[in-house]
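Trainee: Going down the list, the protein sequences come from chains V and U. When we follow our numbering, the leftmost residue of the first sequence carries the number 61, and every step to the right adds one. When we follow our numbering, the leftmost residue of the second sequence carries the number 61, and every step to the right adds one.
Accuracy of the hints is not assured; some may be wrong.
Claimed, not checked - Here are the simulated DSBU-like pairs of lysine-lysine, each with C-alpha atoms no more than 35 Å apart in a straight line: (1) Lys414/U - Lys130/V; (2) Lys306/V - Lys396/V; (3) Lys189/U - Lys213/U; (4) Lys147/V - Lys201/V; (5) Lys101/V - Lys179/U; (6) Lys213/V - Lys201/V; (7) Lys130/V - Lys222/U; (8) Lys414/U - Lys418/V; (9) Lys130/U - Lys415/V; (10) Lys414/U - Lys222/U; (11) Lys418/U - Lys101/U; (12) Lys101/U - Lys130/U; (13) Lys414/V - Lys130/U; (14) Lys306/U - Lys396/V; (15) Lys130/V - Lys101/V; (16) Lys130/U - Lys396/V; (17) Lys101/V - Lys189/U; (18) Lys189/U - Lys130/V; (19) Lys201/U - Lys179/U; (20) Lys130/V - Lys306/U; (21) Lys130/V - Lys213/U.
Treat the hints as calculated values from the structure; they're not laboratory data. No experiment lies behind these values; they were computed from the predicted model shown.
Protein chains: 2
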Amino acid sequence: MEQSLSSSFTIGFLGAGQLARMSALQAFRFGLQVAVFSDRKEDEPTQFLTPFSYSGSYSDVDSMLEFADKCDVITLENEFIDSGVLKELELRSGTPVYPSPESFALIEDKLIEKQTFEKAGIPVTPYRKITAVSDLISFGKEHGWPCLIKSSKGGYDGYGNKTVRSADSAEEAFRQLGGDQGHTLIAEAYVRFTHELAVQVARNQTGHVVYPCCETVQKNHICVAVKSPAPVTSAQQERARELALKATGAIDGTGLFAFEFFLTANGDILLNESAPRPHNSGHYTIEGCVTSQFENHVRAVCGMALGSSELIRPAAVMINLLGTHHRASRIENSGKAVMEPDGHLHSYGKLISKKGRKMAHYTLLGDEVEKTYSRALQLTEEIAI
Amino acid sequence: MEQSLSSSFTIGFLGAGQLARMSALQAFRFGLQVAVFSDRKEDEPTQFLTPFSYSGSYSDVDSMLEFADKCDVITLENEFIDSGVLKELELRSGTPVYPSPESFALIEDKLIEKQTFEKAGIPVTPYRKITAVSDLISFGKEHGWPCLIKSSKGGYDGYGNKTVRSADSAEEAFRQLGGDQGHTLIAEAYVRFTHELAVQVARNQTGHVVYPCCETVQKNHICVAVKSPAPVTSAQQERARELALKATGAIDGTGLFAFEFFLTANGDILLNESAPRPHNSGHYTIEGCVTSQFENHVRAVCGMALGSSELIRPAAVMINLLGTHHRASRIENSGKAVMEPDGHLHSYGKLISKKGRKMAHYTLLGDEVEKTYSRALQLTEEIAI
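Pulled out of the complex, with its shape left as it was, chain V reads as follows (with noise of 0.2 Å):
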């Protein structure tokens, strides 16, 4: 706890995007310093906010070490950099990495996920290792088509995904994703869900803390809200946040962890994804619950106790708002979302809009969770970004 607030503390965020953003608007907070690695050259949101930036590429070890130098702990806001590469950072550089290599290396590739869960008998989506086409139409064969083919790394917000929706579309769905190549990919049953649901974890050796069980709402397999509490029984919300933390436990898990889960139609609960970082569904969590996943992120990996995932209203909703034009980015329209007491908007300081891009996002702390949610629909239809 005494060295995590000591004002020279740096705490290094590999990844410069919305997620660090808003991690280091935290670390600030407790007045911390903040670093942050890209392997991009353009300005992207948590480069804006320290004297601090560094890039590289994320699978060069040599182009980190002046940032890890200068950092007394690393973390991640996203999943593309290897575990080895992380491992050897660690071991060159001496600065502690968490979420550790050892615990991300369960999880970055979708194959070994799935059995690290399993293995720890947490139930997961049918799912099965595909070298051969032959292998998918199987696959498809026993657990009906569609089924979803999938890289097993590198997959994002629907990238790296394909619906294989009948055996002859599978030799197409297989080459696509690479599976030609030598790309290892897995096949995994199409799920009949009435709701999906999430669930985000802190973790160290203090302790941990489980958030409640909210309910993400996609399209076109982009969240574009979240409801919190989730609208399913607390029974069922409650097995959901017991996986969640049996899961972060299945990798040791140090750092903030979201989990995203199906629940069936028949009421089981299948474990979906996994993220070893602040995720999407726990953004309403900076207004909507005593201390955010921010904030327990920071407080996690800087090895300081871990403060309360409770929601302080009886239900917080965020809607995603996703760029609508190609331009400069501004916010307009939003004069209803700013001044409603209740409602909080975080805009990411990205300079350029695109259509669908996620830009900033809006929530709306209520007494009842689909209320809410119908009022933040309204408060942000206008918005254009």
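Here the structure of chain V is known, so what remains is to put chain U in place on it, guided by the hints.
Mentor: For chain U alone, coordinates are given in the frame of chain V:
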């Protein structure tokens, strides 16, 4: 509104201390860019959170022009820059300065400040311009000893002020404050007060909001704690809020203003001091109010609609955490404080602790102000910085 929510919009702070830092953190939330200008070369709190740091002299417009050209709007975090310099900076750079140099000119000098507010019908502490020792002696005779003598410019946390206990010590005090070198001085009556009150006001062309009336607890002329709402009658609270709004109007203020009042033994409320910027008395608003003084500071100077200033809980208390050692800054024994769900620790990132230096603060929310104050003292009593 639209202009101010562009991600290339840059708000510039003259001054790089904790007030600019906490305002900057709010600007980032809106996706804005932050630039900072300081007259110090050493690392200051706000310099750690932007790549756009400038330094030079507060009295030399030339040294400020590069900074001003980077900014879309400029604001202040202290009163150390002459309004004439601000006006010249605005004219030469074309970048607007808020609060305007015209508003600032009405309060930068304590003598003019008193006259401004008196003319607006706001009761102020009895005062007189002192140009000779004999003025001070006759003022003391009229209003009683002790009285105060103050430099009309540049006073801060007890600097530039002297208590004059009798006619015998008048000459020494007059000389110590430079009266014999032509410095403008004023005498102020020593007001017997039961409470020191403070109110913040945010105001721009879209409207105004007035914060709750809080009490500041002072020790050796330094604010050590703030209780909100102030433990005085609601009529007294309302009277202070009315006077604060009237005072903001009297200088046609755009920005965030703080006013300090004395509540006298016979129930009068006298304006003591004003500040054209966020103020230590309003730090509790970060978690205590719907919209903090820092957020409304940013909103006000960027031309955005202002947010509600209402308390979100019945009581909020802020404890200033002053340096306890002279050493590299670190916060020890804060475990109790940071694990308290209603408590919020803010550290300013200063690299060096000094005894009595404002290093951090702690805000505790609760249901009753005196109980919350006792608890906040308990939670922070072991903290060493």
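Trainee: Can you give the numbers of the hints that this structure goes against, from lowest to highest?
Mentor: Of the numbered hints, 2, 4, 5, 7, 8, 17, 18, 20, 21 do not hold.
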